[in-house]
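> Chains as they are written, first to last, in our numbering: chain A, 1 to 302; chain B, 1 to 336.
Just so you know, these hints were derived from the structure itself, not from any lab.
Misleading hints may appear alongside valid ones.
Derived, one-sided and incomplete: chain B residues facing chain A with beta-carbon distance under 8 angstroms [claimed, not checked]: (1) GLY51; (2) TYR53; (3) SER54; (4) ILE59; (5) PHE184; (6) PRO193; (7) GLN307.
By construction, the Cβ of each residue, glycine as well, lies at the ideal position given by its N, Cα and C atoms.
Listed below are the residues making up each chain.
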Amino acid sequence: MKKLVIFFFVAICLPASGLRPGGPVGLCAETPPGHPYTGPAPRRIISLGQTITERIYLLGADKNLIANTVYCVEPEDARHKEKVGTLLQANIEKIVAMKPDLVIATNLASPRQLRKLRDLGIRVVQFSYPENFEEMCEQFLELGRLLGREKEAEEIIDKTRRDVAAIRMKTAALPKKRVFIQLGVKPLHAVTGESFLNDYIEFAGGINIALRDGHGTYSREKVLKGDPEVIIISTMGSSEGETGRKEKEVWMKYRSIAAVRNRQVYLVNPDKLCSPTPLTFVEGLKEITGMIHPELEIGGAK
Amino acid sequence: MRGARIRRWVIILFVLIAALILVSLMALCTGAAGISPARIPGIIYGGKGTGEYSILFDIRLPRIILGFAIGGALSLAGTILQGIFRNPLVEPYTLGISGGASLGVCLNIVFNWYGVIGVIAYPISGFLGAVMVILFVYGLSMKAGTLKTQGILLTGVMISFISSSLVMLIMALSHSEDLHGIVFWIMGSLDEPDMLLVWVAVIGSLGGLVVSFFFCLDLNALALGEEEAVHLGINVERTKRVLFILASFLTGLSVSVAGIIGFVGLIIPHLIRMFTGTDHRILFISAFLAGASFLILCDTLARTVIQPFELPVGVITGIIGGAVFVYALSRRQVSL
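Assemble the whole structure, with the sequences as input and the hints as a guide.
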């Protein structure tokens, strides 16, 4: 009997513990829930997301950034700012102690924590993950307005839009190629039409084979059936490491896929691709375009 | 003999209350903001309106109060259940209550109920999920007017399995943003911004403690065996039914407010039983106080161990609780 009970105890613990680990939490970065603000520019800002930190630097407002998260490593200077936690779980007490006049969070931040901050009278603005390129530009402009750097934001966005338009001009004339961008390995996760990353494929002159596949969990069978001419692997967190390389080896076994025969299976750094600022979006687009249409010689396909 | 026992109980209660006060003060004095303990009296008396006052009373104190309520409720629920089932491995989550609550919250997130009725949807859906499971388990285990304790246990385990599988199914099918909300909630946290919910948890758990007192003698008799208890004139069925519902209510309340925080309800009753013996008259209140201290302590560790990270409190309770439990199991001579 005792054994049976212990067995059951272990059996209960297993699924319960299986519920806890993070899993593929969220893909990338951020929309404002409408916080029109016309007061003086904030002087003590805390950023709770790496993309937000990067954008603040891009806007030249980093002097007012007093703290960020441990994942804010770009640019170099952001590493030396005070740290208040992670993207998901911030240390509320530390934030309050630093007396910020603006906290900018992504939609990955804990809703309870943000509510607590708001209850304590701290201004909190939340940006959700942009659904497409246009939304990313809008968010950047919004951030510019928020930080009193509207002009800088407009200049950057104008340049970004011009760069993107130039690339689109070049790719528009070329035949469309079937593309598959893989985000996760286990489970196999595809970039679909709902994802921000779909814009990379479209702008670079490709057709996403997973365009209409909802939330993105995908199967190898469907990839084989879709027969992509280009496969881009951007596994979360570790494209540089083993996971990405192994995944590439797996794909290379399927000789029936056009991308494998043409040797157009690539690895890309997911950080750059998934959490773009206007600047890195253009770089990422160039890289992807170089992979889909190597003949264009726009970016540096590896 | 009787005087000696009462003296012993008074000492135990005194030690536990002192420990609770000590742990609470420690929790109030430690945190990322680095306010030195020496300055705290000054802040309490003269610092109203300052940021530091706000850190002490709006951030740290609510967590301590909630830790008191949830730790006490889970530990009390564990004591009650181990008493009814006379099984040392039963804990509040064994019966599938937490699984049901998780499922409720997942459905809330996926179907965006919180968008309709606000954040209060989280605790409500969690509680409804827990209640559904309780009714289901209870209904399946009622045979001809008697509650089959072994039946409850097995059904509960299966319900746990089914709900965790359903939660995983929902997670596999949901969008990354929803997924994220689910994971947050499942991790469990005492970081509840709504003071109303905190007070509901306090009143609920203290209420549960009061109700449990009316049944401590019945449970003592039940320890001899159900038949023996009937011969002693105990209404065994009523006792089991009320206590089962009470324990479920306490667990449902805890899970719906704070998410899943494991092991408190399993190990604290065992540890306390080592000191108090199996008399439920002292066991209930001791387990409640010790559970409260334990959770407040774990939460303090969770928010200070790796700054600026804040660990999920379930991580700490799981590690400490699991280690202590294995140790206790290995010491067979201690009656669990």
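> With reference to the structure, classify each hint as holding or not holding.
Each hint tested on the structure:
1. GLY51: Where the cut-off is 8 angstroms and the nearest Cβ of chain A is about 6 angstroms from B:GLY51, the hint holds.
2. TYR53: Check failed: Cβ of B:TYR53 comes no nearer than 11 angstroms to chain A, outside 8 angstroms.
3. SER54: Holds, about 6 angstroms.
4. ILE59: Given a least distance of 5 angstroms, the restraint on B:ILE59 holds.
5. PHE184: holds, 6 angstroms
6. PRO193: holds, 4 angstroms
7. GLN307: holds, 7 angstroms
Against the hints set out earlier in the document, a violation occurs for number 2 only.
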